[in-house]
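As given, the protein sequences belong to chains A and B, one line each in that order.
Each residue of the first sequence is one higher than the last, beginning at 1 in the numbering used here.
Each residue of the second sequence is one higher than the last, beginning at 1 in the numbering used here.
Do not take every clue at face value.
Pairwise CB distance ranges, derived in the manner of DEER restraints [unchecked claim]:
| # | chain 1 | residue 1 | chain 2 | residue 2 | range |
| --- | --- | --- | --- | --- | --- |
| 1 | A | Ser-26 | B | Ser-77 | 48 to 56 Å |
| 2 | A | Ser-18 | B | Ser-106 | 24 to 32 Å |
| 3 | B | Ser-77 | A | Arg-120 | 52 to 60 Å |
| 4 | A | Val-68 | B | Asn-74 | 15 to 23 Å |
| 5 | A | Asp-296 | B | Ile-107 | 44 to 52 Å |
| 6 | A | Ser-26 | B | Val-131 | 49 to 57 Å |
| 7 | B | Val-131 | A | Glu-59 | 34 to 42 Å |
| 8 | B | Ile-107 | A | Asp-196 | 43 to 51 Å |
| 9 | B | Glu-102 | A | Asp-198 | 48 to 56 Å |
| 10 | B | Ala-53 | A | Glu-67 | 26 to 34 Å |
| 11 | B | Glu-81 | A | Pro-137 | 29 to 37 Å |
| 12 | B | Arg-68 | A | Val-68 | 27 to 35 Å |
Think of the hints as simulated: they come from the structure by calculation, not from any bench.
Glycine residues also receive a C-beta, built at the ideal position from the N, C-alpha and C atoms.
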Amino acid sequence: MLPSNLVARRLVPFALPSLPSAPLPSPREAHLWCVKPDELKDASLLQEYMKILSPCEKENVLSVKGEVLQKCALLSRVLVRTTLARCLWIEGLSSGCLFHARLDTDYRINPRSFKFKKNRFGKPEVEWQHNDVSFLPSLQFNVSHTSSLIACGITVNDPIGIDVEEKQRRPNADVLSLASRYFSPPEVQYLKSLVDSDSQKIEFIKLWTLKEAYVKALGRGFSGAPFRKFTIRFETRGDLVSEKLKTGEFRIAVEPVSDHETLTANWQFALAEITGSHFAAICMGIDENDTGKEHDLLKLKVWKTLPYMEDECLSDSEAVIKISGLS
Amino acid sequence: MATLSAAFASWKPAASFINQTKGLTYPAKVASIGTSRLNFPSSRSSRLHIRCAAKPEIVNKVLEIVKRQLALSNETSLAPESKFSEIGADSLDTVEIVMCLEEEFSISIDEDNSQNINTIQDAADLIDQLVQQKTEVA
């Protein structure tokens with residue numbers, strides 16, 4: 001299974017160091033952990049990563065055809081497990097606690113110990129163990145990948161959907177044809193209003209990622225929220241209408257799908273550019289009882305990682321450019 | 001999806017047994033357990049359906065369009081049994097493939113019905129059926 005272009009450099013058994021911890025997301029905040037598959041070059045590391053997976057996940061990874069896609073499938077699972085594990089560690093548990101079985105020596109959750117299930121529409125979720133419920137925050141997660149970047153977004157409590165796409169992605173088909181076929185009429189009008197075809201392609205990709213993020217946040221599958229039946233709009237904040245607005249002032253809104261289920265959450269969006277190469281769209285379902293102001297923007301923290309090897313915080317650097325919906 | 005043995009166990013006559021609601025799945029970019037591209041399976045996908053295999057020329061045309069969209073070389077082996085979720089087709093690739101297929105065969109693939117297409121063979125079978133329906137109506 002080892003990709004032929006990887007070399008096992010190490011002559012001694014390789015053991016993973018401990019996973020550095022990370023803070024829990026605050027309310028209205030998403031944390032985005034990103035990995036670039038090209039950075040995984042070490043065969044021993046790849047072998048160690050395989051050990052983190054459940055038997056079922058290993059089987060699925062091995063059934064993917066092609067070395068590159070297999071590596072992405074593997075990294076995707078490793079990213080989810082390690083991202084969740086980083087935030088969860090408990091201090092001062094008594095020795096009688098059953099929870100101990102899942103912990104490494106320093107009271108951190110072992111990434112191998114997570115179990116996953118799917119909701120009734122197929123959206124992956126953590127299957128919290130019986131004893132977890134009273135101890136652990138309810139982490140929500142969602143994963144997205146391109147061949148060059150895999151991202152895992154997490155929140156506490158709030159349903160989340162994310163989508164990442166290469167900035168340079170240019171559909172083979174004409175974007176107006178694609179939009180006419182798949183997007184809602186107002187979105188098609190928006191694209192038609194753009195003057196040059198390159199702007200049209202870029203805005204198409206942005207709309208695409210936002211629509212994907214929404215569908216994934218809803219967790220009801222592509223057919224649960226057909227793209228044609230909702231509109232993503234970039235709208236101005238009411239209190240700034242008279243001023244010339246900078247890009248960051250725009251809020252992204254969705255006209256709700258007409259279904260009573262979706263009205264229980266206030267779906268909010270954010271769009272950012274990551275490492276100059278990718279758009280990342282995030283959709284979160286903010287509880288309607290949230291005490292924040294209705295037009296409060298979301299917060300985002302971003303890290304780039306090669307799990308166990310290197311973590312780099314990208315927030316507040318040039319590597320993360322906020323486009324819309326973020327404070 | 002029911003197995004053939006279950007299908008025969010509860011055999012009923014006639015057309016009501018044939019599931020007409022088929023379509024392409026649109027794999028969202030979600031990693032589920034293991035696979036890198038995975039569909040959200042529909043809660044309605046427990047219906048039985050029986051298909052006849054599509055003509056080879058339709059299968060070949062689907063293979064050709066998929067290879068072109070995913071920029072796979074001609075040497076890349078792509079089998080009719082290949083799952084879209086396992087060959088690196090993301091959701092944008094999938095909708096482009098759908099549009100190409102619609103143009104190529106002059107059919108309309110209704111996204112409301114798109115649940116049960118997992119492999120290239122599934123896509124070819126659906127196209128064959130839609131083309132036949134169009135011919136019958138004409």
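Quick rundown of the hints versus the structure:
The beta-carbon spacing between A:Ser-26 and B:Ser-77, approximately 49 Å, falls within the hinted interval of 48 to 56 Å. For the pair A:Ser-18 and B:Ser-106, the beta carbons lie near 60 Å from each other, so the given range of 24 to 32 Å is not met. For B:Ser-77 paired with A:Arg-120, a C-beta distance near 36 Å fails the hint of 52 to 60 Å. One distance hint, 15 to 23 Å for the beta-carbon pair A:Val-68 and B:Asn-74, holds here, with the actual separation near 18 Å.
Roughly 47 Å separates the CB atoms of A:Asp-296 and B:Ile-107, a value that falls within the hinted 44 to 52 Å. Remark: the range hint 49 to 57 Å for A:Ser-26 to B:Val-131 is upheld by a beta-carbon distance near 55 Å. The hinted window of 34 to 42 Å between B:Val-131 and A:Glu-59 holds, with their beta carbons roughly 37 Å apart. Checked against the given bound of 43 to 51 Å, the beta carbons of B:Ile-107 and A:Asp-196, roughly 33 Å apart, lie outside it.
The hint said 48 to 56 Å for the Cβ distance between B:Glu-102 and A:Asp-198, and at roughly 26 Å that hint is violated. Taking 26 to 34 Å as the suggested C-beta distance range, the pair B:Ala-53 and A:Glu-67 conforms, at roughly 31 Å. Restraint check, B:Glu-81 to A:Pro-137: a C-beta distance of roughly 43 Å breaks the suggested window 29 to 37 Å. One distance hint, 27 to 35 Å for the beta-carbon pair B:Arg-68 and A:Val-68, is violated here, with the actual separation near 19 Å.
In this structure, the hints that do not hold are numbers 2, 3, 8, 9, 11, 12, in rising order.
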